[in-house]
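K.L.:
Listed below, chain by chain, are the residues.
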Amino acid sequence: MGFFKGLYDYRELLKTSISKDIRGKYKNSILGIFWSFLNPLLQIAVYALVFPLLMRGSTVENYTVFICCGLIPWTFFSTAISRTSFTIIENGNIVKKVYFPREILPISVVTSEAINFVISTIIIIAFVLGYGIGLSKYIIFYPIVLLVQYFLLIGISFIVSSVTVYFRDLQHFIGIALQLLFYATPIVYAPGQIPESFQWIIQYNPMTYIINAFRDIFYYQQMPDFVSLGVVLAISIALCFIGYFIFHKLQKKFAEEM
Amino acid sequence: MKKEEEYAIEVQDVYKTFDVYLDKANSLKEKMLFWKRNRKEVREVLKGINLNIKKGEAVALIGVNGSGKSTLLKLMTKIIYPNKGKIITHGKLTSLLELGAGFHADFSGRENIYFNASIFGLTKKEIDNRLEQIIEFSELKDYIDNPVRTYSSGMFMRLAFAVAINVDADILLVDEILSVGDQHFQAKCIDKMKELRNEGKTMVFVTHSLGSAKELCDRAVWLSNGVIKMDGDTNTVVERYIEETK
Ligand SMILES: Nc1ncnc2c1ncn2[C@@H]1O[C@H](COP(=O)(O)OP(=O)(O)OP(=O)(O)O)[C@@H](O)[C@H]1O
Ligand SMILES: [Mg+2]
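Same order as they appear, the protein sequences are chains A and B.
Sequential numbering of the first sequence, starting at 14, is according to the numbering used here.
Sequential numbering of the second sequence, starting at 2, is according to the numbering used here.
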């Protein structure tokens, strides 16, 4: 309960750090939004050109839209995690000087990345409309899937942000792990396209189910698989508790470790 | 009925040691490689501190350099935690240990008031209400919309102090910051702290300026080699302190 009270008491700090983050990214201008869209668009273009060549024959229909639906949520996932691995150290000057609930730092990073994700969803919508797929009524489940991913990220970010204070080079390791995980998640391929012997990798990967759900909503236009999503949600919430426990233990020495 | 605690701060048998790594291994690789070789000194800074501070009391914390005064204040604010023992505080607490946390040089003084005050846990509305008061106290009206990087170091400290002192906390921890600003501003700070003391705020005040300790505090605690050497009426303690450290 102390956790929620702390967040509530320091809500202004949470709010300013999120809005500073978002404003910094978009620089209050249309051009800023354009720049922040350019990177995912280029990535989509590259994958859409290269991967059909690699996977001769077995292509997915409207492959560009297919990639887009996977890549945008993935970018949310990987940017949030790599940014939380720096956040405590980056804010070392305030961590050393004042008391405030330290968990505000990872939470504000994940939250501002979630807002960025919602803004980037414009790209997905532009693609499904542009390719004539259209929007379905299943879009009402979008907030639910987003919430599942948000909890998953909060749980991971508690662990990542606190452990990296003690082991600085973990940041590089996380960067590499995220690159590997990219290929262990059905982003540029459909789950059915990989050999039976590798299926377990994507089956144990929670991001598989989240990306599948976003694809169900926007690309396949069907009901997401709520059973799997429920399992991921349960795991994510468990991870939030475990993560907070670890964070809470480790935060006692943050000021001394920097 | 709400229970009224008698004490604002209770320090119970607190020990604090710092591990000083002579070759700090910050990475996993180094920690693995130099598993056993990490040369480490354990520095015992506080060795069994017991201290109860009543609500509304103003206490001066004195002692030579390195005696652990700042460490004790940091423990009270929960920036660091004790190895053993417990510290309990009752009421909203503000620490003026290091001023200007969260200041961004490129933003204006006014914006920095918001950043800084939000770190102290104030809401937007509370900051709005105090804004005029803070600007007035800092006497930086003409500069308040200029970027903070154009301030002199004294002006910077004045703004930071003005924010911290106007947070409206019940407990105020102050570490040697009266050396900021010019003569006029120092006097103003002392007046403000007297005013807060008279309003019944609890204050712990670390200083080497024994004159202002006498002026502000009725009780003094002398730290020496990690233990409390003397605790009592400010005049008596300060006298002994001056005698022994001559
Ligand atoms: N992070 C740290 N790591 C290692 N040692 C530390 C750390 N912080 C403080 N110390 C040691 O703890 C001791 C007490 O330091 P502290 O800053 O509390 O002294 P102080 O009484 O405030 O002194 P001063 O009058 O100079 O401000 C010193 O010996 C210092 O070297
Ligand atoms: Mg000190």
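Possibly wrong hints are sitting among the right ones.
Stated by the list, open to error - Partner residues aside, some chain A positions facing chain B, computed with beta carbon under 7 Å:
hint	residue
1	Glu25
2	Leu26
3	Ala58
Said to hold, decoys possible - Chain B residues, not near chain A, derived (Cβ > 10 Å throughout):
hint	residue
4	Thr78
5	Ile80
6	Glu99
7	Ser109
8	Ser119
No lab work stands behind these hints: they were computed from the structure.
Backbone N, C-alpha and C define an ideal beta-carbon position, used for all residues, glycine too.
K.L.:
For each hint given before, does the structure comply? Return the numbers of the non-compliant ones in rising order.
P.N.:
3, 4, 5, 6 and 8
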